[in-house]
Amino acid sequence: MSKKAIDRRTFLKLSALTTVSAALAACAGPASPTPQPQPTQAAATSVPATKAPEAAATTAPTAAAAPKYKEAPMLAELVKAGKLPPVEQRLPQDPRVIQPVEKIGKYGGTWRRAYKGVSDRWGPTKLQEEPMIQWLWTNDKGVQVTANLCSKWEQNADASQFTFYLRKGIKWSDGEEFNTDDVKFWYEDVLLNKTLIPSIPDYMRDPDGTPMKVEIIDKYTFSVKYGKPKPLLPITLAKLTGTNPVGPSFAMPEHYLKKYHEKYGDKATIDKAVADRKFATWDQLWNNSKGDLQGPIAFWFLNPELPVICAWKMKVPPPAEHMVMERNPYFWKVDPEGNQLPYIDQVTHDLFSDQQVFNMWLVSGKIDCQYRYTDTGAYTLYKENEQKGGYRVLRWLLASTNAVYPNINCPDPVLAKLFDTAEFRHALSIAINRQELADLLYNGLMTPRQASPVHGSPNYDPEFEKKWAEYDPATANKLLDDLGLKKGPDGIRLRPDGKPLEITIESQDTPGSQAADEGDRIAKYWTAIGVKTTFKIVERSLYTEHYQNGTIEVGRWGCDRNSIVMADPGRYIGITQDGPWAPLYAAWYAKAPTKQLEPPPDHPIRKIWALWDQCQAEADETKRNALFKQLLDIHKEHPYMIGTVGEAAALWIVGNKFRNVPDGRIEDDTTRDEGLGTPCQFFFDV
Amino acid sequence: MSTEVTARGSAAPVPGEQDVEKVYVASQWQLMWWRFREHKLAVISTVIVILFYLVALFCEFFATADPEAVSAAYKNVPPQWPRFVDAAGRFRLRPFVYGLKGDRDPVTLRMRYTADTSRIYPIYFFTHGVPYKLWGLWTTDIHLFGLGANAQDGQLFLLGSDRMGRDMYSRIVYGARISLSIGLVGVVLSLILGVLLGGISGYYGGGVDMVIQRVIEFLQSMPTIPLWMALAAALPPKWPPERVYFGITIILSLLAWTGMARVVRGRFLALREEDFIMAARLSGTSEFKIITEHMVPSFLSHIIASITLSIPNMILSETSLSFLGLGLRAPAISWGVLLQEAQNVQSVALAPWLLLPGAAVVVAVLAFNFMGDGLRDAADPYAR
Amino acid sequence: MLQYILRRVLLAIPTLLVISIVSFILIQLPPGDFLSSYAANLAATGEEVSGEQLAQLREAYGLDQPIYVQYFKWMRGILHGDFGLSLEWRVPVEQLIWERMALTVALSGFTMIFTWLLAIPIGVYSATHQYSPGDYVATFIGFVGLGVPSFMIALVLMWIAYAWFGFDVGGLFSPQFKDAAWSWAKVLDLLKHIWIPAIILGMGGTAGLIRTMRANTLDELHKPYVITAQAKGLKKNRLVWKYPVRVALNPFVSGVGSALPNLISGGTIVGVVLSLPTAGPLFLRALQSQDMYLAGAFILLLSTLTVVGTLISDILLAWLDPRIRFGGQ
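Chains as they are written, first to last, in this note's numbering: chain C, 1 to 686; chain U, 1 to 384; chain F, 1 to 329.
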């Protein structure tokens with residue numbers, strides 16, 4: 001690199017930094033930390049960053065001669081050979097600029113990872129989802145939403161209409177332009193096609209079932225209209241990528257998929273594709289299960305031919321032993337210096353089934369960067385082999401708390417009533433010695449706390465975290481005595497109907513795991529205060545059966561999605577049934593096809609649901625946050641989900657040459673796991 | 001398999017006149033015993049087997065601690081060897097261990113233990129320790145050895161401790177009880193079934209033989225793992241883990257009898273044509289007497305050898321089932337469960353003493369095999 | 001002779017039919033079905049499948065129909081050569097099994113060669129030098145291999161290979177060869193990786209073989225013809241290998257019956273621990289996730305191999321020993 005270029009580079013960096021910090025200072029206005037639409041999104045990242053190259057262009061006199069964008073050497077060769085258009089034509093008019101975590105990266109390299117097979121689609125998918133609106137991690141304000149596929153979006157006063165302005169000139173991975181034709185195709189021929197999608201997901205329709213209306217305004221603008229307000233749409237889009245895993249939301253590649261659509265495609269082609277795979281109907285090419293769009297044609301994970309807009313394209317699909325993804329030459333993001341992302345040429349995943357083999361790969365340095373499937377129980381092993389394996393261990397914060405869920409719908413009426421009594425749950429909660437669990441089982445890698453939003457969540461509440469989380473068996477005994485549960489001669493209390501008080505905690509944990517050990521210890525703590533408890537591990541499918549028909553007494557499972565809770569409050573509402581504190585009530589609320597039970601009219605859960613319904617319709621952000629806080633406060637007052645230890649260290653094993661990987665972020669499905677680290681800007685520093 | 005083959009011992013030293021007399025008049029069992037005695041390895045192995053069962057019977061007495069007592073302060077302690085010479089170079093008659101000082105490495109979170117030479121805990125024999133109920137009947141607190149009732153902070157981790165600070169030695173001793181006993185029932189059942197059905201098949205031949213043979217073939221053709229899984233799943237989920245495993249071993253024995261049956265059938269087929277059977281028949285002995293008094297004793301050796309050789313198979317199957325998640329599970333304590341808990345890289349790399357239950361399994365299996373070998377060698381004293 | 005063979009072959013067919021029915025039932029016995037374990041697995045990685053989606057999947061896969069209907073559909077497919085689609089892998093069952101066959105047979109072949117190369121000489125040596133220290137050591141080593149749980153030794157060896165020798169562990173190939181076409185380089189790579197699994201798998205078999213060889217050879221060594229040959233001046237070594245060993249190998253013929261299915265399923269537990277791309281782990285996984293068609297196809301395959309193997313060994317035995325042929329009369 002010539003000396004001039006280096007100077008320019010440093011200058012760019014400085015100007016980018018100053019403009020970004022100025023912009024951040026400017027939008028420090030709104031106090032509430034929840035994701036905000038209109039006011040901040042325009043200022044989030046795209047605006048200040050695009051200023052930088054322009055600023056450089058006006059100051060450095062020779063800038064006009066240098067190319068605006070740069071590309072990977074392997075692509076430059078293809079351009080020279082005439083197989084690819086030059087990078088300026090491949091990128092949109094205003095590509096999204098991604099700020100690197102550490103520094104500007106270098107091109108090249110193959111990122112080695114591991115996966116478990118065809119069903120492990122979320123691991124690779126979450127690395128590169130491209131929704132219309134995406135999460136953005138900020139170091140001071142936690143997780144925000146930002147415009148991603150669109151350059152900006154607008155919503156009307158009551159949040160019933162959203163207008164999206166697509167970036168002009170984004171191209172699919174085969175060079176065709178991505179514009180509202182793809183949106184129209186998706187809306188009319190996929191979403192509204194009853195064969196492909198029999199039931200529309202709830203964030204794309206009104207509560208009464210009316211689908212949203214998509215209106216195409218021009219080639220790059222469209223709007224989405226609902227009958228009732230949908231203020232949570234932005235965070236819902238950031239959490240999901242629409243009915244189309246990996247994105248884009250609200251669109252699919254029309255020019256390719258039309259060939260396989262019953263309405264447009266050539267019948268012979270479709271019939272052949274169906275017969276080749278031994279399917280029965282054409283929609284099986286699109287769907288794995290109806291409406292999920294994960295069939296072998298429509299799913300990027302299985303179809304290397306499908307045009308995509310994400311960073312890497314599938315090259316050798318699963319269930320290959322060695323699955324390969326290759327860079328998308330039309331990827332529409334750049335770094336602040338105009339280098340087209342991603343830096344890394346290839347991502348490969350090797351197949352494994354046994355956790356110990358994966359641990360061996362990790363410690364021997366065969367994995368370049370991965371969080372998924374790392375094992376906190378092996379923390380010491382990972383740390384001790386850092387030098388030999390040539391990697392470092394990063395720790396993110398898992399937005400989850402281990403919890404037990406007394407089922408207020410269990411078939412035994414006496415137990416159900418006891419579980420629904422706040423004092424009883426209080427006693428159960430304070431009988432658990434959380435500090436001992438943390439020391440004994442987790443070597444301090446988990447924190448004693450109540451099941452509540454974690455540090456870094458906009459809903460974090462230190463009082464909620466401490467509620468009923470102390471260790472006080474004396475008070476626990478007193479509470480149970482006051483409830484009239486007298487101790488029998490063997491120390492076990494008697495129920496109001498005279499029978500001994502015995503309960504079973506069920507879980508689908510792996511025997512021998514730390515979670516299973518925890519279940520055993522909880523059973524011992526509860527037995528010590530006179531509630532005879534057995535901890536039982538059951539087969540996964542059996543666990544599902546038990547919570548779906550409500551026969552489980554106490555469940556044990558992680559209470560996750562505790563980062564941006566409003567994006568997925570299923571645990572607090574009860575509809576995430578594998579934490580079964582009220583599985584049958586929740587099924588009634590969600591009108592699920594499994595067993596339902598209507599709660600009495602004065603039950604607190606009705607208030608929870610009422611508040612949630614209001615939240616979903618409240619366009620004003622401040623009011624909405626206040627309503628949601630009320631919802632959480634109902635849980636805070638008398639927790640239904642008894643948390644033990646949480647905020648586990650989510651371990652990342654990262655090779656020493658692998659850079660731009662952030663440390664200390666939140667790990668949650670809501671924030672898309674590893675995706676929150678923006679993998680397209682990872683690079684190999686060789 | 002190799003159970004059908006008879007091994008031959010070496011030539012015994014040429015007996016003198018009187019010895020020849022003794023040999024001539026000795027009963028079959030006496031001959032067997034003399035023969036068996038010569039096989040030194042078999043004798044040692046038998047002693048070991050008896051010892052193992054003694055330990056299994058009195059496991060609470062042999063253990064030094066409560067196998068379920070956890071301790072956050074003493075996780076993954078390496079084995080503590082009893083010493084005889086202290087730091088000052090003095091020899092002590094009574095073995096002792098030093099106190100433990102634990103330090104957690106702040107970076108790797110690994111616990112490192114050093115011996116605190118200022119605290120000495122002598123080991124006493126027939127001492128008081130953790131109280132227990134022997135066979136659920138008598139309450140006592142006498143243990144074979146331990147640190148005694150007065151050792152406050154003292155820890156005796158002869159074979160180290162596991163990830164929750166539980167004493168491995170005590171856990172292995174308790175595990176012996178379940179691992180060694182639970183296979184016995186299955187083996188006896190499969191023995192009865194095998195001899196019965198194999199005998200009928202071989203003796204009567206014809207249609208009966210054909211049917212039983214098909215059944216055997218059918219059962220042997222089914223791969224074992226799906227059978228294990230299906231049967232494990234078919235048992236009522238309400239059962240406690242021990243009863244479930246018991247149920248599985250019984251069902252497994254309903255499959256294992258086929259091996260024994262084939263051998264017995266083969267033997268019967270061959271023996272049927274033997275001269276001495278024909279002689280017995282001609283002299284008017286009843287069929288039943290022929291079978292019980294003449295045929296069975298001639299392959300009794302196989303039966304005995306087979307039993308002793310199937311017990312180690314049961315022990316190994318138990319470990320395999322635990323590995324697959326179908327056998328016993330925590331909090332039950334068996335060697336299979338202990339191995340399952342140690343089946344991870346961090347145990348192999350950082351706490352290899354957790355694999356010691358594997359050594360117990362190997363020793364038990366070897367001992368049974370050598371014992372069975374010796375029995376088989378000795379069981380056919382008339383053959384040369 | 002021909003009559004005997006024909007009879008056995010005809011009897012094999014109803015056996016296989018019964019096996020197919022029983023195995024189909026067995027796969028369904030565990031509670032739930034493929035979809036419930038599928039949903040549970042997804043839940044474990046933080047994703048949810050709604051009850052509605054499950055119901056639709058169930059219909060799509062035909063899992064909502066009664067068991068005999070599913071069975072007949074499956075049988076009908078098989079008679080047309082269609083073994084169905086694997087529910088978990090979403091590819092035809094034949095493809096999955098076939099892909100792994102070559103490697104499975106290669107591994108089993110290696111293991112067998114390793115076992116024989118080791119066990120037969122040791123067994124013969126043991127027999128000819130009975131009760132010598134060498135005999136005891138050989139017997140002991142053989143037995144240790146018999147008594148050690150295979151999954152434990154697999155993990156330990158895997159760790160030792162990496163920690164002490166820096167070897168590549170897990171799987172049978174280095175990443176670049178995994179899906180590549182066969183070439184000499186790939187074969188070399190396979191050889192580099194295959195020896196750990198072969199050793200572990202061979203350990204148990206070696207012990208049994210050593211004992212059997214030893215016992216059989218001992219049997220033969222005391223027969224009169226051996227003494228005669230020695231008296232006539234034949235060198236001991238040549239004598240031993242030329243005659244008694246050959247006779248001692250006879251009982252192995254009956255072992256052929258179980259060798260065939262063992263080719264496929266023998267290395268299951270070790271294959272799981274070492275993550276080998278062989279048939280055994282695939283089979284186990286199919287059972288655990290109740291992937292009916294894949295598991296069913298495997299069971300049929302294994303049972304057929306067993307029946308065929310037993311048939312072959314019975315025929316061989318009958319050819320060797322006429323008494324058995326006429327035994328039923």
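Since the hints were derived computationally from the structure, they do not count as laboratory data. Be careful, since some hints might not be right.
Simulated coverage check for chain F against chain U, where a stretch passes if three residues somewhere in it have a Cβ under 8 angstroms from a Cβ of chain U [what the hints assert, rightly or not]:
(1) 8–18
(2) 107–118
(3) 142–148
(4) 193–203
(5) 277–290
(6) 297–307
Quantities reported herein were computed from a predicted structural model and do not represent experimental measurements. Note that CB positions come from ideal geometry on N, CA and C, so glycine has one too.
A quick look at each hint next to the structure:
no.: 1; hint: 8–18; result: holds (count 3)
no.: 2; hint: 107–118; result: violated (count 0)
no.: 3; hint: 142–148; result: holds (count 5)
no.: 4; hint: 193–203; result: violated (count 0)
no.: 5; hint: 277–290; result: holds (count 4)
no.: 6; hint: 297–307; result: holds (count 6)
The earlier numbered hints that this structure contradicts are 2, 4.
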